[in-house]
Amino acid sequence: MIDDCLMFDSPSAIEAITDILTCTDDGGSSSVVPLEESRHVISIHSRNYPNLESFKKAYMLLKRPALCFVDVDQLSEVLAWIRESDDIAVFGDSVELTQWRFDRIARSFCKQLDPLTQVYQRSKLVDTLVEICPRGSAETPVSLILMDIDNLKGVNDRYGPVEGNKVLKQLGHLVQTLCQMTLVARTRGGEFAVLVESRELAARRVAEILWQAVNENQWCKYPGITASFGVACVSEACQPSTLLTRADEALYSAKANGRNQVVCYNDIAAKSHMTGEEIDVISLENKARVM
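In terms of the numbering used here, the numbers along the sequence shown are unbroken and rise by one, the last being 291.
You can take every hint at face value.
Restraint-style ranges between C-beta atoms, simulated for each label pair: (1) S137 x K221: 38 to 46 Å; (2) E77 x E139: 24 to 32 Å; (3) E208 x V72: 38 to 46 Å.
Within a straight-line C-alpha distance of at most 20 Å, the following computed EDC-like cross-link-like pairs (lysine to aspartate or glutamate) qualify: (4) K153 x E191; (5) K63 x E131; (6) K56 x E77; (7) K169 x E191; (8) K111 x D127; (9) K57 x D87; (10) K124 x E191; (11) K169 x D114; (12) K169 x E216; (13) K153 x E163; (14) K57 x E139; (15) K63 x D127; (16) K221 x D157; (17) K287 x D150; (18) K287 x E191; (19) K124 x D114; (20) K57 x E84; (21) K56 x E197; (22) K56 x D87; (23) K57 x E15; (24) K57 x E131; (25) K56 x D19; (26) K57 x E77; (27) K221 x D150; (28) K287 x D267; (29) K63 x D114; (30) K57 x D73; (31) K63 x D103; (32) K287 x E277; (33) K111 x E84; (34) K271 x E285; (35) K63 x E197; (36) K63 x E84; (37) K57 x D71; (38) K56 x D71.
Calculated directly from the structure, the hints in this document are not laboratory data. Quantities reported herein were computed from a predicted structural model and do not represent experimental measurements. From the three backbone atoms N, C-alpha and C, an ideal C-beta is built for every residue, glycine too.
Work the whole structure out from these sequences, hints included.
Have a look at this one:
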């Protein structure tokens, strides 16, 4: 656990988000088993799955570095599709060799982390979006959640920037704890991003669980810390800037209309349809009210 971080113990919230992130389009589940971690690295075991194909599907869902444990006769097949940043351990390897593999992955992984919050840097998010957004389609939608602390300035003004940084660390730890199956990044200041490779409805549900966890305030010693959330989804090939801009516009809408809430980009589109006002105009008005 990160220093200065309070314990957040809500298995139900973690399980709910994991279920959403691993749900297939037909409503089924990819059957991802509980994961183990060692210094940011996920351990995933082939023996926990009925066959190698289901193990591969579960592994491909992970957006964090992983050490795959396999049997000797599975080694050559797994080597064909494992990511370059990850590694393989064979059941029965020595403790020393396994720990060396964990450490090697962790050292590489830590170079991509935001030094303060220990979640990914913005560059990792952008690189991932560059890879997956051009493949977006109705069958493979991509969603993004942006969340921003509403009153970080108040903490900084009252208690000082050191305490403000502690709040950022605690929030980063909370979000990463809840969203173990996907990419979490700090994008700027008190803003974090969560990647959801699913439809907007799924991303909204994840955002609502995060919103509830923030409001329950088990993670921070200062009362009244809240966050606003913007959610966007693309279901066609696009540039990363399209998804980032839509999520940002949804976040501004949440901020401009009272803060401490979840707003989807489609909510803005619906308002535009009802009022006849252009989406760009609505977004500019929202930004003007927040600035």
